[in-house]
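Protein chains in written order, with the working numbering: chain X, 1 to 699; chain D, 700 to 859.
It is worth saying that the hints were derived from the structure and are not from the lab.
One or more of the hints may lead you astray.
Derived Cβ-Cβ restraints for the label pairs, each shown as a range [claimed, not checked]:
id	chain 1	residue 1	chain 2	residue 2	range
1	D	K790	X	A22	28 to 38 Å
2	D	E794	X	R13	37 to 47 Å
3	D	A703	X	A22	23 to 33 Å
4	X	T574	D	D818	24 to 34 Å
5	D	D818	X	S398	50 to 60 Å
6	D	E794	X	S638	19 to 29 Å
7	D	D818	X	T167	27 to 37 Å
8	X	K576	D	D818	24 to 34 Å
Please read all numbers here as calculations on a predicted model, not as lab measurements.
Ideal Cβ positions, reconstructed from N, Cα and C, are used throughout, including at glycine.
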Amino acid sequence: MTAPPADILANPRLAQWIGVAADGRLRLSIGKVELGQGAVTAIAAIAAAELRLALDDLVVVAGDTARAPDEGMTAGSMSIEQGGAAARWAAAAAREIFAKAAAARFGCAVADLRIDEGRFSAPQRNESLGYGDLAGEVDLDCDLRDREAPAMGARMAQTGIARLDLTAKLAGGAFIQDMDLPGLLHGRVLRAPRQNMRLARIDRAAIEALPGVRHVAVDGDFIGLVAGREDEAERAAAAARRHIEWRGEETPALDDENAWMDSVAAVSVTTLVDEGVGAGAAQRIEAVYSRPWIAHASIGPSTAIAEWRDGALTVWTHSQGVYPLRAALARALEAAPDKIRVVHAMGAGCYGHNGADDVALDAALLARAAGAPVRCQWSRADELAWSPFGAPMRMKLSAALDSQGRIVEWTHEVSSPPHVARPGFGEGVNLLAAAQIERAKPPSPPVDFPGPAGAGDRNAIPLYAVGRRRIVHRLLPQWPVRTSALRSLGAHGNIFAIESFMDELAARAGVDPIEFRLAHLTDARARAVVRAAGRLAGWDARDKGGAGEGRGIGFARYKNSGGYCAVVARVEATDKIAVTHAYAAVDCGAVVHADGLRNQIEGGIVQAASWTLKEAARFAPDGPVAQSWADYPILNFSECPEIHVEFLEPDGAPSLGGGECAAGPTAAAIANALAHALGLRVRNMPLTPDRIRKTIETQ
Amino acid sequence: MQAARTIEFSVNGAPVSAEAAGSSLLAVLRGDLRLRGARFGCGEGHCGACTVIVNGRAVQACQTPIWSLAGADVRTIEAAAADSLVAHVRKVFIEEQAAQCGYCTNGVIMTLAALLAADRTPARRDILAVLDERHLCRCGAHPRILRAIDRLLNVEAARR
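The following block holds chain X by itself, in its conformation from the complex (with noise of 0.2 Å):
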């Protein structure tokens, strides 16, 4: 018997993810949330598929701690493989349960029934009953532990499916910022310019007085005011500024990533992998790579809205992770978790940890002072600012090859402060404005993802036969600028690393990169998306390189065990470096819906390119340099490459998730293609014209 699904082992009742709306359709509940992705399309079409049912007839609840069940972060790529898996179990459960309501109605067999589009049928009966009609008839309140598991049912269309969040979101609403409330009051919070200063001194009463003022939050470190009219906020922020002052060291200048992963001692070092004999070197090689902080820099600015109403609390909030984030919230204001209702709204995309569960805070705590309803949004300077960053990473890579040119030994050494500084990680309380108001509750030591899929070390480990492995863990700590997950965490730090030293190694094997990599590859799937991605790129005509034009290939398994990603990177560069063109190999299993896939893959890519080519955050002593878009350029229209994406679906492969396997193959295949175009090595990112000339002075 199959076991169940995590997320059903810890929401075991059918009535937490099915029941019967008010209009009698069915509704759906899962704790996976839409960021963007297209994920709870993809939920709600497993179900619906499970049900017999057209999309368009379910209702779905995502992210509510009042009306969905508690299925932890919308992360690490796992919202189709954890949360399809659970919203099947269920569905199949409820299928079943309405099917012996309509057998018993007709007075037939549950095997003579038909069901189609919804709607039950029996022989010889010309009315057909739809879930509605057999609301009264079913009890959902029953466990769904001891059931069997579903069989793979009939295979569900894939194609034709169209996201359920997006012709709202294109038209006038959708998303959290363009809610309402009764009485809905606009808060503005007023941070410090960056994250280890104290309040000063604050006039108070000046700011009182600004036009549209109707409240000021003072709580220790933290500040905030809350107006009538969004607008008058906006204008009261930029105004209170000069009446707070604000004292403090300043903070390191970190124009440099590399001198500081020097400079600092690790907190804990850890070695995941020590193995295997290595015999027979012939030669060593070893290279450093890195890359810099990035912003998560999400287009639409964090928000949240709150409101207290008889000492309870309800949060609209666009958070991955309801529930935790409940927890936190708790813990901050000192309140029972059964009093805090917390309920996802969409918001722009989201990559990762950004602003969203600390605009929560902000927005209780504006709500609390003001005795009203608040919404609180994020200025962009605070959304680049304050937001957490991607870490920096660096990885110290060394390897013996033979005398055939085989890989006998490997050793990865990967330094990075923590990926991980989520609400629900580790002691202490991580939201920002918890250690700043004056019951402070300090947020958790640093600590991160443990394996096997890790966070710093997430990919650390090859997929190769590389004979004797050695892979360490240093986790730096969390200072001077909070760093968390941002889209694969170390994932694309060390693809990137292990792909671009395939290559070194390759080169001085001589051997072809792609014959190279299978030379050292066992798993058929792996070998599979390689060969698929030199193929749909005319691998075979790859030549020598050198001339400006280059191609080249980056491979991952995502975390070891997601899905399969090769992606084959053109270039060309002249006085600036353009990704052409990017063919994707991708075998996520059965795939549930393509276009959403296919989404997500193509995101990856240029989201992936636009980190590798340009993107890095840099601090001055007093804060981050980036407080605009314009301190921070991102791939534009006509630096996005042609992309073409073909999937592998091997027979009877589960699904798995695919939103964050390309980041390190494209990194490595644009760091790959660079090479091949100049015949030159850039080992840091982001890999920008700059960095080109730096690599040919000190060669």
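Start from chain X and add chain D according to the hints.
Below, chain D alone, put in the same frame as chain X:
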């Protein structure tokens, strides 16, 4: 105290009056008129999420003061019900699923509608130059947006 000067203009065909001083068009659209399709992204004219059409030209509503709008004809994504070109561009975007999170998309749609209204067959590279200058997308929905643009251009070319 001097009486506040009011400016008369129209939004999606309906007459509107607003105080001249202080507010941006975006604040009036979102706050007073409760038209939430133009979105605040940066407030600095970089990201284009707030783009609307004023007198046929795409403008960033966060950078457009009310005093500049006397007699102006303002169109927002909510005009799709009445404005056939906005509706057409929006429909192609939905058919192409040309978005990921969708936050920046309405602004891109309004820019394209304005470009197509001014010139039925703009050059693709000119469109890209405008998008580079005025719009940001963080999700990487660019390939889909470009597919939607190609479809719009082919359709427009075929109409000639």
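* Violated constraints from the hint list, given by number and in increasing order -> 3
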